[in-house]
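Undergrad: Below, each chain spelled out in residue letters.
There are 2 protein chains.
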Amino acid sequence: MRAVILHAPGDVRVETVENPTIIEPTDAVIRLTATCICGSDLWPYRGIEPVRRATQMGHEYVGVVEQVGDGVHDVTVGDYVVGSFVASDNTCEICRAGYQSRCRHQVMMGRIGAQAEHARIPLADGTLVKVPGTPTESQLRSLLAASDVLGTGWFAAVAAEAGPGTTVAVVGDGAVGLLGILAAKRLGAERIIAMSRHADRQALARRFGATDIVEERGDEAVAKIKELTNGYGAHSTIEAVGTQESMDQAIRATRPGGHVGFVGVSHGVELDGLGLFLSSVHLHGGPAPVRRFLPELIELIMTGQIDPGVVFDLTLPLDQAAEGYRAMDERRATKVLLTV
Amino acid sequence: MRAVILHAPGDVRVETVENPTIIEPTDAVIRLTATCICGSDLWPYRGIEPVRRATQMGHEYVGVVEQVGDGVHDVTVGDYVVGSFVASDNTCEICRAGYQSRCRHQVMMGRIGAQAEHARIPLADGTLVKVPGTPTESQLRSLLAASDVLGTGWFAAVAAEAGPGTTVAVVGDGAVGLLGILAAKRLGAERIIAMSRHADRQALARRFGATDIVEERGDEAVAKIKELTNGYGAHSTIEAVGTQESMDQAIRATRPGGHVGFVGVSHGVELDGLGLFLSSVHLHGGPAPVRRFLPELIELIMTGQIDPGVVFDLTLPLDQAAEGYRAMDERRATKVLLTV
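For the protein sequence lines, the chains are A and B, in the order given. Under our numbering, the first sequence has 337 at position 337, and the numbering climbs by one with no breaks. Under our numbering, the second sequence has 252 at position 252, and the numbering climbs by one with no breaks.
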């Protein structure tokens, strides 16, 4: 089959590799109907994370079950399914508490590689969620978003306790930040302040529910959010970048007693303990337990209540993955879908 | 009046200073019936926080209202009252959300100094809570604990979401940690793991509700807590020290999705962003909004349901404050009450 391989920073190739097979009895193998490139794939692409060996990329997927192991009972060949970037048993105490991304038996799909025609899905019963019926082209795009960026933005909004009456600030205008806006809106937020300097992303932010746009950064951004909130700061802040600047900005933009939901993978971030102590915010984040939200997200998508797939602003065939990486790296695209 | 003055690290004296008076119309002046020495007073006493000038110490108090300003309506001369270490208006949005320790108009009582015979209390209507009737000697001690250490331990347990069915780990066996145990027990925790190496404090921990004692520290302590929790870690962890080691220990002892309530004032703590991200814990803390809990705590004390005053294991007259500081510094006493 064809798969996307990163050989070195900037060096993405589509190559032929062996088809995946069932290894554990709890595995399934799916045929992907679409995959995509994640903002987090850019860290190794840009050399910010080391590339130690040629690596099959990708962790977002929707598709049809082709094979199941003997221990798989809840999905069968032919099922249309979505899973998240972490395979999880969905039965351990951590999963049952809603933290499937930290399942006792977790397998990171990024280590398997889902930018490919087929993928092995470990712990298939716990990981995969069936889609009722066959999705339209538009629903397919939204389901693929649910696999990571929507689920992550949704978790960020839940972690930030976005809800009725709240003012939510969103740091980061990538796909996760934008879909965090969609989530905050669905969760009932009264006011949503998007932080963005890009006209196209501002437009999408407004489409998803942003009521205010802040173009400033750093101290000025914090001052602007305070100004918009009667001096108090946001009730809820979504952090969807993962840098020192974005974390500091998120914490400082939040009022005492407020909530910061952080989902940008931390790169070189150090938090000052006293600063955090005096901020009096709630801080919660980490790898999003997308599996927790998938049933609800699939339902919202298949009944036409949300349309997160519009976050994909460039669609390319799998063979042109390298161009997809370049477009995201150069910020010509927010999120790239690869047709399989 | 007499007051406790810190002149330099290790140099505590009881001196005669001017009696406080009403400055703002929202002030009250109270006659203290008791005050005490806080673990946080030891930071400047030990020179870990700088002592830039002679400073009147203390921020914990119970007493009787002696004078009120023209703008005070809810307390009157003769009322028996308790307040917290932060004076607050109790009307701003932050106060109404339960974060009176970060009130928009907050005044830190430590800047006024409550180890004295009288104290000016700013924002008296918002700050002071009336005690029904006149407390017994034992109730007086418990009310004084409510003023800070009980209220802080209570907040830590609430921030850590201690509740029915939870396993709570407590890092720190000072007065706050010990009263965090009492709070976790009252909030319904199923299992409470106290971390302590001191026999007297272990005994008090058990009296307050601890079910297990861990004497190990660092990696070994974390391993022990994992062992006691089927490998998962505690649901809820109270951090009541404020050092790098204690914060790291608290975060690592907590399961993914669990909650860390941190109330030890951070001293030189730096949190690794990626470590926090991957821990998937909820982190919340800061200066405790004791005012939020005072009505409930006073009720529990005056009806004999809790007895936090036993945390005071040394009682001295105000004049012997210097000996009180020495005893706490040398860990001969957990918490010192000063009679006025």
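Do not take every clue at face value.
Here are the computed lysine to aspartate or glutamate pairs in the DMTMM-like style, where the Cα-Cα straight-line distance is at most 25 Å [unchecked claim]: (1) K224(B) - E299(A); (2) K226(A) - E216(B); (3) K185(A) - E216(A); (4) K224(A) - E93(B); (5) K130(A) - E299(A); (6) K185(B) - E216(B); (7) K226(A) - D89(B); (8) K185(B) - E93(A); (9) K226(B) - D319(A).
Since the hints were derived computationally from the structure, they do not count as laboratory data. In this text, all values refer to a predicted model and were calculated from it rather than measured experimentally.
Undergrad: Take the hints in turn and mark each one as holding or not.
TA: For each hint, the structure was consulted:
Simply put, K224(B) and E299(A) have alpha-carbon atoms about 43 Å apart, too far for the 25 Å limit, and the pair is violated. A threshold of 25 Å between alpha carbons decides the hint, and for K226(A) with E216(B) the separation of about 45 Å lies outside it, so the pair is violated. About 23 Å separates the Cα atoms of K185(A) and E216(A), which keeps this hinted pair within 25 Å; it holds. With a CA separation close to 19 Å, the supplied pair K224(A) and E93(B) stays within the 25 Å bound.
Under the criterion of a C-alpha separation no larger than 25 Å, the hint pairing K130(A) with E299(A) is consistent with the structure, at around 10 Å. Straight-line distance between C-alpha atoms of K185(B) and E216(B) comes to about 23 Å, which keeps the hinted pair within the 25 Å bound. Between the alpha carbons of K226(A) and D89(B) the distance comes to roughly 20 Å, so the proposed pair stays at or under 25 Å and holds. Between the alpha carbons of K185(B) and E93(A) the distance comes to roughly 23 Å, so the proposed pair stays at or under 25 Å and holds.
With a C-alpha separation of about 47 Å, the suggested pairing of K226(B) with D319(A) is violated against the 25 Å cut-off.
In this structure, the earlier hints numbered 1, 2 and 9 are contradicted, and the remaining ones agree with it.
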